[in-house]
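Using the sequences plus the hints, can you model the full thing?
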Amino acid sequence: MSFIKNYIGDVWGAVKSLAAGMKLTGHYALHHKKEKITQQYPDNKDTLNLPERFRGEVVLIHDENNEHACTGCTACELACPNGTIKIITKFDLTPEGKKKKALDTFVYHLDLCTMCNLCIEACPTSAIKMDQTFEHSVTDRSELIKTLNKPGSKIREGVE
Amino acid sequence: MYRQSEIVNDPSKTSLLGDEGTDMIINVGPQHPSTHGVLHLVITLNGEAVKKVEPHLGYIHRSIEKMCESLTFRQFIYVTSKMDYLSSHMNNHCCAMCVEKGLQIEIPPRAQVIRVLMDELTRLASHQLWWGALAMDVGALTPFFLAFREREMINDIMEETCGTRLTMNYMVPGGVMADLHPNFQKRVHAFIDHFKRKIDEYDELVTDNIIFQNRTKGIGYISKEDAISYGMSGPAARGSGVQCDIRKLYPYEVYDKVQFEEVIETAGDCFARYLVRMKEMKQSISIVEQLIDNIPEGDFQAKTKAVLKLPKGEYYSRVETARGEFGVYIVSEGGTTPYRIKFRSPGFSNLSALDHMTRGQKIGDMVAIMGTLDLVIPDIDR
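As given, the protein sequences belong to chains D and W, one line each in that order.
Residue numbering for the first sequence follows the numbering used here, beginning at 433 and increasing consecutively.
Residue numbering for the second sequence follows the numbering used here, beginning at 1292 and increasing consecutively.
Calculated directly from the structure, the hints in this document are not laboratory data.
Among the clues, some could well be false.
To be verified - Capping the alpha-carbon separation at 16 Å, the derived lysine to aspartate or glutamate pairs in EDC-like fashion look like this:
1) 1594(W) with 495(D)
2) 448(D) with 1495(W)
3) 532(D) with 567(D)
4) 1653(W) with 1428(W)
5) 455(D) with 1495(W)
For clarity, every value in this text was computed on a predicted model and none was experimentally measured.
The structure is reproduced here in structure tokens:
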């Protein structure tokens, strides 16, 4: 007799605890409009607010005069664990006629980058930063190898 | 761990039926949807009862230990976030601590508190995901969405301060990479207030559910002695009554200054391991609450040299991740890169007890046992 009693008790307990869970789920089903938590990504592109520190891709900061702060010291290249950055330098002639090392091409392999932020930390002149762009898909792999310094850009006056 | 069984090796016995003619060998994974990640289990079944479980590893082996040997002491830390991706802060933390031990740097108090705060938030996020995944494993879908709702708030906090959501690379030798975001305290307060209310829903939905209790109580028993023998650690071992919380045994950073309890359950079954994690979440909330308003002012990073060179010697440090004890062992020859690195990952030792736990259990219970072990496969394979 006690077996049947226990059995019915078990079933009753299961139904009761199931109803408790269903009540909660039902509450969310009815109140979902107030507590919408998922973002519909392609639709919210205009209102998407990414934090300022978001690691999207490395960019070289250019000001309005098309000038950057990169001295070509290769600190970022040495800091990178994956060989993502390749700095090609050239020698400029200063007005005094001396040779001065300067940046020629800042090659950035986005396909190798893991967004670890170590290059940004290593840069002594804060010339590079992480940008908020994150849609990196391309149809050709060669498009992922980028030159970060804009054509005609030169180093800002006074940056050593 | 990796050994080919005689059944698999002997061609006369590779048929679907095993040696006695009644055993059936089933491959679970590496792409089976009910497993976590790319874990391959060769299960010998007698009817519905599991006779033997043999994990075959190597599907996501990336030779991280070898890779670290060619990276400098600043660079190798980022790789460890890709091991146990759910407790990446703790992995980074342990590596940074080990390098600091070698360099004998004292990190500023502000950095210590930030590190502990980040660790505990990561632990919360990890346990939330585990809770959702476990419930999904045993057949309930809704908890998964509820867990992700709360986890999203932590991810947003991380994104704002660290810049990324999963593999942070925020801990650097000497402190942390950047200072806390001005919004950090406000958002953590909002999260704690929200989560304290929602954690009762977790209990209502899953813990108190009779069906869930029947599926976990008395399932996957492992005694305290066996748990120690298998080298288990973390919540999985604490469910069997083993005192193994590194935060209590070998306190690091500010863990000796905050009040929290080491959660111990003695039943040793799936439900005990479940309860340990649920109670641990409450302890983590309490740690975060104690620290969030008492972050000391000051530097977030100690001054370090641009090129780090560890003196010749061997260094070991350990932390408590969401899964158990994580250890880093560095052998340095005095150069800029480590001579040898060994990681002691909690998932690997916990997985070794799976065979012992599942023996004699039903195949359906195996999924619950795996779920309560909280396996992260990249952590096991490395």
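>> For residue 448(D) and residue 1495(W), compute the direct alpha-carbon distance and say whether it is at most 16 Å.
In response: 11 Å, holds
>> Tell me if the straight-line CA distance from residue 455(D) to residue 1495(W) falls inside 16 Å.
In response: Distance of about 10 Å is within 16 Å: holds.
> Given the hint that residue 1594(W) pairs with residue 495(D), does the C-alpha gap stay at or below 16 Å?
Replying inline: Measuring from Cα to Cα gives roughly 31 Å; hence the hint is violated.
>> residue 1653(W) and residue 1428(W) were given as a pair; does the straight-line alpha-carbon distance stay at or below 16 Å?
In response: Judged against 16 Å, a Cα distance of about 15 Å means the pair holds.
> Does the structure keep residue 532(D) and residue 567(D) at a Cα separation of 16 Å or less?
Replying inline: Distance of about 38 Å is beyond 16 Å: violated.
Violated hints, listed in ascending order, are 1 and 3; each of the other numbered hints is respected by the structure.
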